[in-house]
Each structure stands twice: as C-alpha cells, then as structure tokens.
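Asks: Residue-level listing of the chains:
Number of protein chains: 2
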Amino acid sequence: MTYCVGLLLRDGMVLLSDTRTNAGLDNISTYRKMFTFEDPGERVIAIMTAGSLSVTQTTMARLREAVEDPESTPETSILKAPTLLKVAEMVGSTLAQVRADVDEKLSAMNQGASASMIVAGQRKGGAMRLFLIYPEGNFIEATEDTPFLQIGEHKYGKPILDRVVKPTTSLADAKKAVLLSMDSTLRSNLSVGMPLDLAVIERDALRVSQTRRIEAGDEQFRAMSEAWSKALRDGFAQINI
Amino acid sequence: MTYCVGLLLRDGMVLLSDTRTNAGLDNISTYRKMFTFEDPGERVIAIMTAGSLSVTQTTMARLREAVEDPESTPETSILKAPTLLKVAEMVGSTLAQVRADVDEKLSAMNQGASASMIVAGQRKGGAMRLFLIYPEGNFIEATEDTPFLQIGEHKYGKPILDRVVKPTTSLADAKKAVLLSMDSTLRSNLSVGMPLDLAVIERDALRVSQTRRIEAGDEQFRAMSEAWSKALRDGFAQINI
Numbered sequence: 001m002t003y004c005v006g007l008l009l010r011d012g013m014v015l016l017s018d019t020r021t022n023a024g025l026d027n028i029s030t031y032r033k034m035f036t037f038e039d040p041g042e043r044v045i046a047i048m049t050a051g052s053l054s055v056t057q058t059t060m061a062r063l064r065e066a067v068e069d070p071e072s073t074p075e076t077s078i079l080k081a082p083t084l085l086k087v088a089e090m091v092g093s094t095l096a097q098v099r100a101d102v103d104e105k106l107s108a109m110n111q112g113a114s115a116s117m118i119v120a121g122q123r124k125g126g127a128m129r130l131f132l133i134y135p136e137g138n139f140i141e142a143t144e145d146t147p148f149l150q151i152g153e154h155k156y157g158k159p160i161l162d163r164v165v166k167p168t169t170s171l172a173d174a175k176k177a178v179l180l181s182m183d184s185t186l187r188s189n190l191s192v193g194m195p196l197d198l199a200v201i202e203r204d205a206l207r208v209s210q211t212r213r214i215e216a217g218d219e220q221f222r223a224m225s226e227a228w229s230k231a232l233r234d235g236f237a238q239i240n241i
Numbered sequence: 001m002t003y004c005v006g007l008l009l010r011d012g013m014v015l016l017s018d019t020r021t022n023a024g025l026d027n028i029s030t031y032r033k034m035f036t037f038e039d040p041g042e043r044v045i046a047i048m049t050a051g052s053l054s055v056t057q058t059t060m061a062r063l064r065e066a067v068e069d070p071e072s073t074p075e076t077s078i079l080k081a082p083t084l085l086k087v088a089e090m091v092g093s094t095l096a097q098v099r100a101d102v103d104e105k106l107s108a109m110n111q112g113a114s115a116s117m118i119v120a121g122q123r124k125g126g127a128m129r130l131f132l133i134y135p136e137g138n139f140i141e142a143t144e145d146t147p148f149l150q151i152g153e154h155k156y157g158k159p160i161l162d163r164v165v166k167p168t169t170s171l172a173d174a175k176k177a178v179l180l181s182m183d184s185t186l187r188s189n190l191s192v193g194m195p196l197d198l199a200v201i202e203r204d205a206l207r208v209s210q211t212r213r214i215e216a217g218d219e220q221f222r223a224m225s226e227a228w229s230k231a232l233r234d235g236f237a238q239i240n241i
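Residue numbers (the UniProt record's numbering), protein chains in the order written: chain A, 1 to 241; chain B, 1 to 241.
Please note that a few of the clues may not be correct.
Which copy is meant is left open, because identical chains are indistinguishable; a pair holds if it fits in one copy or across any two.
Simulated pairs of lysine to aspartate or glutamate, DMTMM-like, Cα-Cα distance not exceeding 20 angstroms [stated by the list, open to error]: (1) Lys175 x Glu219; (2) Lys230 x Asp173; (3) Lys230 x Asp218; (4) Lys166 x Glu226; (5) Lys105 x Asp69; (6) Lys86 x Glu75; (7) Lys80 x Asp173; (8) Lys124 x Asp26; (9) Lys175 x Glu144.
For the record, the hints were derived by calculation from the structure and aren't laboratory data.
Using the sequences provided together with the hints, build the complete structure.
Replies: Encoded structure:
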C-alpha cells in the first residue's frame with residue numbers, strides 16, 4: 001500500500017508521501033512516490049502516485065520522456081500545457097492508457113492493476129491547483145471546502161486532517177498535520193513505511209520551495225511522534241465521561 | 001456500513017456498536033447491531049453484527065430461535081453449549097450457512113452478501129472470551145497482545161485504540177476509548193451513525209453489567225466529542241516540528 005496526502009492552502013501546497021511498495025507481504029521495497037517537474041519562475045508540478053508500481057512507473061516515465069523530448073509541444077509536455085487543468089487531463093489520459101495496457105497483460109491471469117495520482121501545481125499567472133486522478137483518468141479537485149486530497153491507505157490519517165486543516169492553516173501547521181496524519185497511518189498499517197518525502201510549494205513561488213526526505217531513524221520525526229502520542233494520552237486522561 | 005468494537009480487559013469487556021444501515025446511499029435506516037443473551041449467574045453472551053442486514057438478521061433469528069426452543073440442547077443453543085469456543089463455532093457455522101443461502105439467491109444478479117460478527121461472553125467457571133467471526137464461519141480471538149477486535153468501518157477509529165487500550169485499562173477508560181474511537185469514525189464516515197449501543201460485561205458478573213443507548217442529541221456524548229476535539233487541537237498546537 002501507500003499513503004500520500006496533499007493540502008491546498010492559502011499560502012501554498014504541502015505534499016507528503018511514503019515510499020513502501022509491496023508485492024504480497026513478503027516482497028517489500030522502497031520506491032519514491034513523489035515526482036517534481038519545474039520550469040522555475042514559469043511552472044511547478046508535483047505528482048504523487050499510489051497503486052501498482054508497474055503502472056505508476058510507466059506513467060511517470062512517459063510523462064518525463066515527453067517533457068524531455070526536444071520536440072515536445074503543449075499537447076505532449078506537462079511543462080508546456082496551457083493550463084493546470086490540461087496537465088491533469090494529460091496525466092489522467094496517460095495513466096488510464098498505461099493502466100489499460102497493463103490490465104490487458106494481466107487479464108490472462110485474472111489479475112488487474114490500478115493506480116491513482118495526486119497532481120499539484122501552479123503556472124505563471126494561474127491559481128495553485130490540486131487534483132486527484134482516478135485510475136480511469138477522470139479527476140476531482142481540492143477546493144476551499146475540502147482543502148486536502150489523499151490516495152492509498154487514507155483512512156487512518158483522515159481524522160486529524162478533518163479536525164485541523166483549513167485553507168487558512170499556516171504552512172508550518174500544515175507540515176505538522178500531514179506528518180501526524182502519516183504517523184497515525186504508519187502505526188496502524190505496516191504496508192505504509194518510512195522513509196517519507198515532504199514537499200512544500202509556496203504560493204506564486206513557481207518552484208518547489210522545500211523538499212525533505214525523512215529517514216526511518218529521523219530524530220525530529222520520532223520526537224514529534226512521541227509528543228503527539230503523549231498529547232493524545234494526556235488529552236484522553238483529561239476527558240470525563 | 002457499520003462500526004462495532006469490543007475490548008477484552010482484565011476487569012471486563014466493553015462493547016460499542018452503531019445502528020446505521022444503508023442499501024445504497026439513499027436508503028438509510030436504524031437497526032440495532034448488538035444482541036445479548038443471558039442466563040444470569042450462569043452465562044452471558046453478547047453478539048455484534050456487521051454486513052448485509054438480511055444475513056445478520058436471519059443469523060440472529062436462528063440463534064435466538066434455538067435458544068428459545070424448549071427442546072434446545074447443548075448442540076443447538078448458545079446458552080447451553082459447553083464452552084465459549086463452542087459458542088463461537090455455533091455462531092460461525094450459522095453465519096456461514098445463512099451467508100451461503102443468501103449468496104446463492106443473489107448470485108443470479110451477480111451480487112453477493114457478506115457479514116461478520118463479534119462474540120463476547122463468559123460462562124460460569126470459564127474465562128471471558130472475545131471472538132471475531134468471519135463471513136466464512138472461521139474466527140479469531142482477542143488476546144493480551146491484541147485486546148480489541150473491530151468489525152465494519154474499523155480504520156478511522158483504530159489509532160486511538162492502538163494508543164490507549166491495554167489489558168489493564170480500567171472499564172471507565174475503556175468506555176471513553178471506544179466512544180472516542182466511534183467519534184472519529186462518525187466524523188469521517190457518514191455510513192456510520194447514531195444512536196449507539198454501549199454494553200459492559202464485568203469479569204465474573206455472568207450478566208450484562210451495563211447497557212446504554214446513546215441517542216443522536218446526547219448531551220454527554222456531545223460534550224465528550226467537543227472536549228476531545230479541543231484536546232486534539234491543543235495537543236496539535238503544542239507540538240513543535
């Protein structure tokens with residue numbers, strides 16, 4: 001499994017992904033699930049992936065190849081597409097096509113492959129936008145009412161987001177919220193695992209403002225996790241029923 | 001959907017279930033999902049149900065009918081079965097049979113029906129036992145290492161249980177823990193809904209020690225829910241990253 005979460009806030013976007021992939025329970029590996037594309041000052045795009053690794057890797061490779069093609073056009077490169085909506089459509093159609101190809105290969109074994117993605121970005125002169133792309137290529141977008149999107153193992157980490165994330169949440173609080181959301185998920189589901197990739201895209205920066213890989217032994221993350229456990233236990237102890 | 005949780009503690013067992021059932025999103029009803037069987041001083045059994053209502057109702061009706069049959073035997077009545085392990089087997093085999101019957105009826109429409117149950121109980125001279133019965137009739141049992149079992153929409157409410165529930169948790173704290181676990185689930189998933197049914201079975205009481213129906217407007221539950229939200233927000237605010 002996987003857990004990725006993206007927040008669309010007044011001050012910017014905060015993204016967090018884990019890195020665990022597994023084929024069954026006994027074949028566990030570490031793969032990056034967050035990918036960034038930048039044309040600094042013009043455009044920034046970040047994509048997070050969940051689902052079958054063969055689908056997500058091929059999709060990302062095709063998108064990357066199109067960006068790097070010297071003859072790329074606004075129709076083929078997500079760094080040249082006229083709008084972020086168009087970028088979401090391009091990621092969606094690439095994902096849907098790869099998924100259909102892989103699905104066909106697997107159908108002989110009565111198996112299927114699926115994947116979903118979160119696309120975050122901003123182009124010069126445009127708004128920040130955050131999309132969740134479904135396996136079929138259709139998508140939804142984060143709004144003021146629902147300023148976060150999740151893919152993968154999303155349930156364990158949702159209560160904390162439901163309670164603290166608003167469009168006006170500061171970027172510092174947003175980082176804390178996604179890390180605590182991940183912490184709850186890591187504790188409850190072994191198929192989500194460290195290290196983590198964190199990215200912050202500030203509003204109108206048109207580049208990735210901050211990235212951080214948080215390794216398994218990260219002292220700061222461990223301290224935060226313990227402080228949160230303590231805060232929960234203390235809060236629990238104080239409640240009367 | 002449904003959310004039911006059972007805790008097996010040194011001092012007793014604490015059970016909580018919601019009451020929402022739905023056929024699709026637009027046909028929502030309220031049905032009790034917690035059922036108790038008592039032979040006070042001799043035996044107490046509580047069963048919580050999740051899944052297709054047609055399966056769970058028929059299963060419970062057959063179990064109840066067998067208990068009330070004046071010619072019931074240790075082979076047919078869960079109030080006469082020699083051990084709680086045998087009770088779990090009887091509930092499992094009844095559930096599996098009903099499920100298979102309903103599944104066969106539905107197969108013509110390419111649909112299926114499934115259900116799972118939690119069985120908690122103690123007989124005179126025996127230990128308290130807590131089982132999770134799978135749709136196929138097999139089951140697992142709560143232990144010191146894993147003192148709680150959940151059925152239905154279990155993920156949202158698991159982090160709080162993971163953090164605070166131990167076999168030595170007091171019954172008062174246990175009630176608080178299951179109510180807060182339910183509170184997180186209610187907030188994040190509309191298909192789990194009030195009212196709630198709470199039951200406590202104290203060790204060696206051999207009867208249901210306490211039952212409480214918590215209605216949608218319950219002032220005490222609302223106050224607890226708000227206190228918990230406040231504790232989470234305060235705890236969140238105090239954490240530094």
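Asks: Next step is simple, just say for each hint if it's right about the structure.
Replies: Okay, the hints, checked on the actual structure:
For a Cα distance limit of 20 angstroms, the shortest separation of lysine 175 from glutamate 219 inside one copy, 16 angstroms, qualifies, whereas the shortest one across copies, 35 angstroms, does not. Taking the shortest Cα distances, lysine 230 and aspartate 173 sit within 20 angstroms of each other both inside one copy (18 angstroms) and across copies (16 angstroms). Proximity of lysine 230 to aspartate 218 under the C-alpha cut-off of 20 angstroms is restricted to the intra-copy arrangement: shortest distance 18 angstroms within a copy versus 29 angstroms between copies. Taking the closest pair of Cα atoms, lysine 166 and glutamate 226 come within 20 angstroms of each other only across two copies (18 angstroms); inside a single copy the shortest separation is 25 angstroms, beyond that limit.
In this homomeric assembly, lysine 105 and aspartate 69 never come within 20 angstroms of each other (Cα to Cα): the closest approach is 28 angstroms inside a single copy and 57 angstroms across copies. In this assembly of identical chains, the alpha carbons of lysine 86 and glutamate 75 lie at most 20 angstroms apart only when taken from the same copy (9 angstroms versus 66 angstroms across copies). In this homomeric assembly, lysine 80 and aspartate 173 never come within 20 angstroms of each other (Cα to Cα): the closest approach is 33 angstroms inside a single copy and 58 angstroms across copies. Taking the closest pair of Cα atoms, lysine 124 and aspartate 26 never come within 20 angstroms of each other, the shortest separation being 46 angstroms inside a single copy and 43 angstroms across copies.
For the identical chains of this complex, lysine 175 and glutamate 144 are intra-copy neighbours only, at 18 angstroms inside a copy versus 36 angstroms across copies, given an alpha-carbon limit of 20 angstroms.
Hint compliance for this structure: hints 5, 7 and 8 are broken, all remaining hints hold.
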